[in-house]
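According to the working numbering, the residues represented by the sequence shown are 51 to 510, in order.
Check each hint, because a few of them may be wrong.
Restraint-style ranges between C-beta atoms, simulated for each label pair [what the hints assert, rightly or not]:
hint: 1; residue 1: Val458; residue 2: Pro119; range: 15 to 25 Å
hint: 2; residue 1: Ala418; residue 2: Ile93; range: 51 to 61 Å
hint: 3; residue 1: Ala495; residue 2: Thr94; range: 15 to 25 Å
Below, a list of computed lysine-lysine pairs in the DSS-like style, where the Cα atoms sit at most 30 Å apart [what the hints assert, rightly or not]:
hint: 4; residue 1: Lys304; residue 2: Lys96
hint: 5; residue 1: Lys457; residue 2: Lys367
hint: 6; residue 1: Lys181; residue 2: Lys96
hint: 7; residue 1: Lys367; residue 2: Lys96
I should point out that these hints are in silico values taken from the structure, not numbers from a laboratory.
What you are looking at is a predicted structure, and each value in this text was computed from that prediction instead of being measured.
Backbone N, C-alpha and C fix where the C-beta goes; we use that ideal spot for every residue, glycine too.
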Amino acid sequence: MNTPNSPVSRRDLLRRSLLGAAGLSLADNPLIRAWAASPPSQITGKARSVIQIWLWGGPPHLDTFDPKPDAGRDYSGPLTQPIETNVRGMRIGQLLPLLARQADKFSLIRSLTHGSNAHETATYMVQTGRKAGERLVYPCVGSVVSLFKGYDGGYQGQIPPYILLTEPVGRFEEAGFLPTRYKPFITGGDPSQDRFAVEGVVAEGITDQQQRDRQALLGKLDSLGRALPSHAAIKALARSREQAFDLIVGDGGKAFDVSQENEAVRDRYGRTTLPAQAVNQRAPRTRFGQACLVARRLVERGVPYVTINYPGWDTHKDNFTEMNRMLPDLDKGLAALLGDLADRGLLDRTIVWVGGEFGRTPRIDWDAPWNGGRGHWGGAFSALVAGGGFRGGQVVGATDARGEEVKVRPVYPSDLIGTIYKLLGIDPAASLPNPQGLDARVMPAPADGTPASGLLNEIL
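Construct all of the structure, not just a fragment, from the sequences and the given hints.
Encoded structure:
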């Protein structure tokens, strides 16, 4: 398997680029062909793209979007000074001052709940809107959007329709029962470097001219293509190869090249550096700001779904030490992203969704070895949403005085995801192509027993 720093072989080029990430035409996949024979119903949607910022591990809701300074030291710890935002009556955690100035652009959901304290189960529920343990393993939101809004739904871009920056989201099968073509293109690499070495796209030590020479050589060696130029599969393979090379040396690949941005813009998003001895442990956290900048460049080119995987939020130990390190990073990158999207006229058509699989225990564990840690908490947690039809400056739901239970307007993952689909113009009752021929829908029906309390119409 090639690493981000190794040369890209012909085999890897085809596997890792559009052939693997986007697949061939409809005619080459019987499952998709049968599904497309009865096109799913369409609804009107305002949003064109989604940027999902996945805070892997579960961010503490009391330290971020649902502060409880009056609950006492055992709940708020040292973070007792929430910030007033530019929206009257809305306060957020004191380590998020830049976001506080952007509150008119986003809404907070403070009453998310599903009751699971297990990473994998909670991730599945929050990423799919489904309850765990069903007969089928359903696709996550990104894969569903890739199905409806990707190449089979009219997307014409050279960049794969579902991008994941920069590493997989834990032990989670994004595409579920959908074909692998709807899995994300996982970039690897580090966007904070001078050149973002996207795996399978940028090979260290190989120039763009060398890649063009390889393309020309590959064309000369393609005797099968010359012998059967009209064969459907050969033509589809040729198209995929051309798209793959465009992704490497053409306009498609330029979307990942943040060195084309003004240095002041890159600085505004944040280019966090860490001591050398911390690189192995903390490296993912240095990437966030520049990953946000890459995400903006991708949706600017029409990519339907981008996930930024931001790990490190599983703060069983030393929660406040970690928050003092991570929240300024989140604050800077996310505030820059929201401001930049708004300034460029992109926020109205781009949903920004920020959250993790659950919250963290409101009551702090001060004893050794936890030293002020917070555990898993699926009973109540928060998320931030912005753009694409979501109104800004709003708060949905509320928890009790200690942030332990939902007291007002419970919101389940199916409610949030169903609302996102509505804004994208994806009918929640539309069918999904299922290899077993079962009746599978975008969102569960009430009879399925998945908890729901209704779409978030109050912030649309």
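So, going through the hints one by one against the coordinates:
{"no.": "1", "hint": "Val458 with Pro119: 15 to 25 Å", "result": "holds, 19 Å"}
{"no.": "2", "hint": "Ala418 with Ile93: 51 to 61 Å", "result": "holds, 55 Å"}
{"no.": "3", "hint": "Ala495 with Thr94: 15 to 25 Å", "result": "holds, 22 Å"}
{"no.": "4", "hint": "Lys304 with Lys96", "result": "holds, 27 Å"}
{"no.": "5", "hint": "Lys457 with Lys367", "result": "holds, 28 Å"}
{"no.": "6", "hint": "Lys181 with Lys96", "result": "holds, 28 Å"}
{"no.": "7", "hint": "Lys367 with Lys96", "result": "violated, 42 Å"}
Hint 7 from the list above is the single one not met by this structure.
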